[in-house]
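Chain A is fixed; fit chain B onto it per the hints.
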Amino acid sequence: DAGVIQSPRHEVTEMGQEVTLRCKPISGHNSLFWYRQTMMRGLELLIYFNNNVPIDDSGMPEDRFSAKMPNASFSTLKIQPSEPRDSAVYFCASTHPGTETQYFGPGTRLLVL
Amino acid sequence: GDSVTQMEGPVTLSEEAFLTINCTYTATGYPSLFWYVQYPGEGLQLLLKATKADDKGSNKGFEATYRKETTSFHLEKGSVQVSDSAVYFCALIKEGAEGSQGNLIFGKGTKLSVKP
Chain A
1 DAGVIQSPRH EVTEMGQEVT LRCKPISGHN SLFWYRQTMM RGLELLIYFN NNVPIDDSGM
61 PEDRFSAKMP NASFSTLKIQ PSEPRDSAVY FCASTHPGTE TQYFGPGTRL LVL
Chain B
1 GDSVTQMEGP VTLSEEAFLT INCTYTATGY PSLFWYVQYP GEGLQLLLKA TKADDKGSNK
61 GFEATYRKET TSFHLEKGSV QVSDSAVYFC ALIKEGAEGS QGNLIFGKGT KLSVKP
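In order, the protein sequence lines correspond to chains A and B.
Position 109 of the first sequence, counting from 1, maps to 109 under our numbering, and the rest follow consecutively.
Position 109 of the second sequence, counting from 1, maps to 109 under our numbering, and the rest follow consecutively.
Next up, chain B with everything else stripped away, as it sits in the complex:
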């Protein structure tokens, strides 16, 4: 079945360091891909998404490119801040039954801690 695999955490970086969180997926067809972020004590928020091959999603300095050939959607940011400390989830959307809205399939999450 469809699945998402992302790098194990936790990841600890110093402020202004470069961030990469790897994500690969297994899916039939052409799923849309997402990165969600969860700040402590809160629900998940959409960070960025890409809906087709070679699309680049970006938001708040984060970027991820939909690579169909490598089935990957790695998250990157050139210079992290303390406020980026959170858990990051890679996800794909599975097409719903009979054309209905599908559900998200999440990776396990990667906890990022950024130190000043």
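Isolated chain A, as found in the complex:
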């Protein structure tokens, strides 16, 4: 299995631009999580889906952030417009039904100038 796949691995953009991060969970996993990691705040859960349905989006910072999961094998996290304070590493993770272990992707390192 290829594991959780995230793209791009690195993204540099200018303030005000739209950024889209992509995640492909492990096949057969039914829960998907988006996290943000910064030095100041550590790891924060942004949103998670169960069976493609958003369950908890209370961690989404503000309306500039949106996430979708149109099918079991794909999810996007979009920031529009982006701001320098959004600079962070964004991780996607997935879990198999009935288990608690989350498998993390390699992350997308985002830099907003």
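Hints in this document: simulated from the structure, not taken from any laboratory.
Hints are supplied without guarantee of correctness; some may be wrong.
What the hints assert, rightly or not - Listed next, the stretches of chain A that the computed footprint assigns to chain B, with coverage defined by at least 3 CB atoms under 8 Å from CB atoms of chain B:
#1 40-46
#2 81-87
As the list claims (entries may be wrong) - Per label pair, the in silico range of CB-to-CB distance:
#3 B:E8 <-> A:P8: 43 to 53 Å
#4 A:E44 <-> B:E42: 37 to 47 Å
#5 B:K111 <-> A:R9: 13 to 23 Å
#6 A:R22 <-> B:A53: 39 to 49 Å
#7 A:F74 <-> B:T70: 22 to 32 Å
#8 B:S14 <-> A:H10: 33 to 43 Å
#9 A:P81 <-> B:F18: 22 to 32 Å
#10 A:S87 <-> B:G9: 19 to 29 Å
What the hints assert, rightly or not - Residues of chain B placed beyond 12 Å of chain A at every Cβ, according to the derived structure:
#11 L13
#12 L19
#13 T26
#14 Q38
#15 E42
#16 T51
#17 T65
#18 L104
#19 K108
None of these values were measured; they are calculated from a predicted model.
Beta carbons are placed, not taken as given, at the ideal position from N, Cα and C, and that holds for glycine.
Showing chain B alone in chain A's frame:
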């Protein structure tokens, strides 16, 4: 709300030294507890877990025991190696809404550097 507190880093040790990274938690009910490890430039990987009181999780020479009376889950290893240099995260899982898969609540992470 539920939370995890782990010792501040960084921790620097010589090879073959004994390692302890403290972790305590606050939670309602009986959460499952985890240690994840993040190697440089990579995502997090599960290191070990324990699902109920007095359970001991172990992997790669690391151990942690779920202590309900002290609400702790300290990570230990008897003899660290240079390859253990990484950031270690303690976490608990919060039960999901309506029985769905819950989300992890992480500590801030502790960076470990092991010198040869």
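Next on the checklist: Could you work out which of the previously given hints the structure breaks and list their numbers from low to high?
Outcome noted: 2, 3, 4, 7, 9, 14, 15, 16, 18, 19
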